[in-house]
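According to mature numbering (1 follows the signal peptide of the UniProt record, and there is no 0), the sequence shown holds residues -28 to -1, 1 to 809 in order.
Don't read these hints as lab results, they were simulated from the structure. No experiment lies behind these values; they were computed from the predicted model shown. Backbone N, C-alpha and C fix where the C-beta goes; we use that ideal spot for every residue, glycine too. Among these hints, one or two may not hold up.
Claimed, not checked - Distance condition first, Cα-Cα at most 30 Å in a straight line; then the derived DSSO-like pairs of lysine-lysine: (1) Lys479 x Lys694; (2) Lys37 x Lys107; (3) Lys474 x Lys370; (4) Lys539 x Lys479; (5) Lys37 x Lys694; (6) Lys474 x Lys735; (7) Lys394 x Lys735; (8) Lys370 x Lys37; (9) Lys370 x Lys694.
Claimed, not checked - Beta-carbon label-pair distances, calculated as ranges: (10) Lys479 x His44: 34 to 40 Å; (11) Gly803 x Leu526: 47 to 53 Å; (12) His743 x Leu526: 28 to 34 Å; (13) Val718 x Asp635: 36 to 42 Å; (14) Ile625 x Ser707: 25 to 31 Å; (15) Val793 x Phe476: 52 to 58 Å; (16) Val546 x Phe627: 44 to 50 Å; (17) Leu321 x Leu(-5): 19 to 25 Å; (18) His44 x Leu341: 52 to 58 Å.
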Amino acid sequence: MASPPLNRAMPICFTIFVLSALLLNALRSPQDPYRCDALSNDGNWFNGNGAPYADWEPAGCMVRKYTRADIHRCVDGRPMVFSGDSTTSQVYWAMARLLDRERADAIYALTSYNETIDQVFDSLRLVNIWNPELKSGPANPDLTAQLNLLREERQTRPVTRRQNSAAFLLLGGGSWFAANNTDGSSLSKFTDALDSLTSRLFDSNETRLGQDLFDPIDGVGNRVFIAPVPQPSWTTPRGTDGGILRGEMEAMNQFLASVEYERRYNIPWSFLSMSSDHPDTVADRNASGLHVIDAVAEAKANVLLNLRCNARLNAMDGYSSDYNCCSDYGRLSIVSAILFYALAVFATLCVVVELFNIRGQPNQPRSALFNLGVGIFAVALLACYLADRTQFFAKGNKHFQTFEFALLTLVALAAGALTWGKPSMARALLSGPMQPTYAGEDQPLSRDQTDEWKGWMQAIVLIYRWTSASESLGCYICFRLLVAGYLFQTGLGHTIYFLTTKDFSAKRFVTVIARLNLLPWVLQYLVQTEYLFYYFAPLVSFWFIMIYVTLAILPRYNDSLTGFLAKMALSALVFALPIFAGVVTNWLYNVFEDVAHVSWNVRDWETHVALDASAVYVGMIVGYAMHSGYFETHLNRLEIPAALGTFAIPLYIFFSLRYDTPDFYNQWHPLLSFMPIVSYVALRNMNRFARTSVSRGFAWMGRYTLEIYMLQHHLLLAADGKGVLLLGLFNGDKSLIFDRWRDLVVLLPVLLWLSSQVHESTKTIVGFITHQDEDYVYEQLEMEKSGAKNRDGRLAWIKSRALGILRKVLTRTYWRNSLGVRLAGIVIFMGVLNWFS
């Protein structure tokens, strides 16, 4: 356990880092503020389990794979122009294939490599001007006309639909100069030709790609890109064959690099990286060694589209979580901006007060509100924004590889095994007060054991999400069982609580709902997602409400097995069966959309609820059995179910793998998922040693499962869970073993530590929300006692109760202390915020 001063110092350091990084980002001080240089300059091929050279990944950002519809929306009827040698023509034909592969292949078969082509593909005009010598002026009127038109429209700035210049031009050459000038003059002739060509466009006031602000409508605007001179694959001696000498083309690229910034050249250097050290990418290794295979040419075309179009499509559609190369995250909405600055100011005040107080009171904060015990909640939200709504950190695509998923799972299980011990030892290592146990340490499903269960499940879920293991049917089935296991515990835990305490008070209801939803409620407004995006919080909240309503109505029947089962059956008819049958009408969701401006995907929500409904009800039944003493009576009879469970779990997975698709498996999952869960419970509690031993590490994680799940979307994953967060300090081949393990060992501990801090902070904030005056609480208890004595006279009791409620509602004390009013106020306030988001 960390010392108290250290417990205060760590949040202070983390807060200072987050606030400083946000300030640097606001000042646009990062060297590559939009990740355009990352896209242009370098990258790696990730071949993984798929086709070779299918996935090109820039260093530090995620590319968009452009479809013909995307291209149409970007260029908006404007032509795309290519001019140069045969390597430039390859990119032209690649772009044509992205638009209309069949037509492109047919025309290519009838066309010579050294002719000018002006064709229409999928109603878009593509022009390829054969120009290996980079001629301009009267010697090349077609290209000169395009350059003059672009220069003219830069001055007049017509709207996009009235532009006639090309959406972009790609110029490329250099190899012709090296092959046809054996007197050593290739470099000087190349530079002279390029100077003459680009002098028509040079403008010192032109915005720099990726450095200056984007146009709010057209992004980077119409641009000229200059391809780097391709490096030949030197598989045969050069010098006499073709006239290309070693170092000639390298010298041309050195010249380009030396004048790139001064002359505002836009050079996609990543073209070179695509074939460098990858001989299989070269299509003519035994000839010129300059030309690449079609997959690489199409990757080059996609890089050009990302450079030209990403910012424009973001301006049209808003932020997209599918990519972040050469794009910004748009402007914050009014609500998000107000929330952002409020959180930043509050976090700043908290850290300032902490710094003043920590020397005098190192063990205890002086202010109840302005301390980082509370403020770390705001800091965590700002960290999510910094990580996933700015370009401060790098981001990368997910890749599923079975080996990496298995390796990480083994590492996690090994770490859990190394921390195996008795529950009392686990408590000693856990910071903060332990939660009350469901049962004694020698009883099945104690608090320690269920925390451990949640912990190892959460560890595997993190691995599942980080490795994109949903691509594997077997991993998907395991994931679905883990979700069902968590919801089983939801039914179990709340049922035991209500049966044991009989506490159906408004305070209990509001506390649980606020505890489950405070983080996603605020986070959705800051990062501009939807509440249902963090579907686990609304899902668990839904089932809590179901359990609360089921047990709070006619609570005197809860202790009777017949009454309990009857209430459960009625609950299933009201809550679960309509969703299973798909008869829940849209009118309720339309009310939410019209009144609260909330847009929900009804079918997705119903699917999430229906998939694991049986697990919740089975959890309630097990909770009743534990409360009634059934488990305590039959502890010595768990060996046989445990033995059956040993075989039931692998058999379930084996037969589940025979399903062809996740959709087909989902049809059976609601009916059968409880079987491996119950088998695990029997197996985990088969004897005293199993019941009384837990993994301390997993038990610690299990306490913070909710926070880990929420924060992982932005602090371990990225792009709303579609990518992975990277530090941007390392470069490699995107694999776990040789690259991304370094990011993981830094970011994962931060996520786990911050989740534990947010957990404690949330409890404190919920305590503020549910605080009531002591006199009010005492008065409520007296009213309950009085009501319990007078319930025999029903009519008189109802009358006095109604008058008492009326008098109470008319008092200021009621409005100040009523938790129902507070919860309703929060919901109404969120509805108002939705209208301005």
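Checked hints:
{"no.": "1", "hint": "Lys479 x Lys694", "result": "violated, 38 Å"}
{"no.": "2", "hint": "Lys37 x Lys107", "result": "violated, 33 Å"}
{"no.": "3", "hint": "Lys474 x Lys370", "result": "violated, 47 Å"}
{"no.": "4", "hint": "Lys539 x Lys479", "result": "holds, 23 Å"}
{"no.": "5", "hint": "Lys37 x Lys694", "result": "holds, 14 Å"}
{"no.": "6", "hint": "Lys474 x Lys735", "result": "holds, 22 Å"}
{"no.": "7", "hint": "Lys394 x Lys735", "result": "holds, 27 Å"}
{"no.": "8", "hint": "Lys370 x Lys37", "result": "holds, 14 Å"}
{"no.": "9", "hint": "Lys370 x Lys694", "result": "holds, 7 Å"}
{"no.": "10", "hint": "Lys479 x His44: 34 to 40 Å", "result": "violated, 57 Å"}
{"no.": "11", "hint": "Gly803 x Leu526: 47 to 53 Å", "result": "violated, 32 Å"}
{"no.": "12", "hint": "His743 x Leu526: 28 to 34 Å", "result": "holds, 31 Å"}
{"no.": "13", "hint": "Val718 x Asp635: 36 to 42 Å", "result": "holds, 38 Å"}
{"no.": "14", "hint": "Ile625 x Ser707: 25 to 31 Å", "result": "holds, 27 Å"}
{"no.": "15", "hint": "Val793 x Phe476: 52 to 58 Å", "result": "violated, 18 Å"}
{"no.": "16", "hint": "Val546 x Phe627: 44 to 50 Å", "result": "violated, 33 Å"}
{"no.": "17", "hint": "Leu321 x Leu(-5): 19 to 25 Å", "result": "holds, 20 Å"}
{"no.": "18", "hint": "His44 x Leu341: 52 to 58 Å", "result": "holds, 54 Å"}
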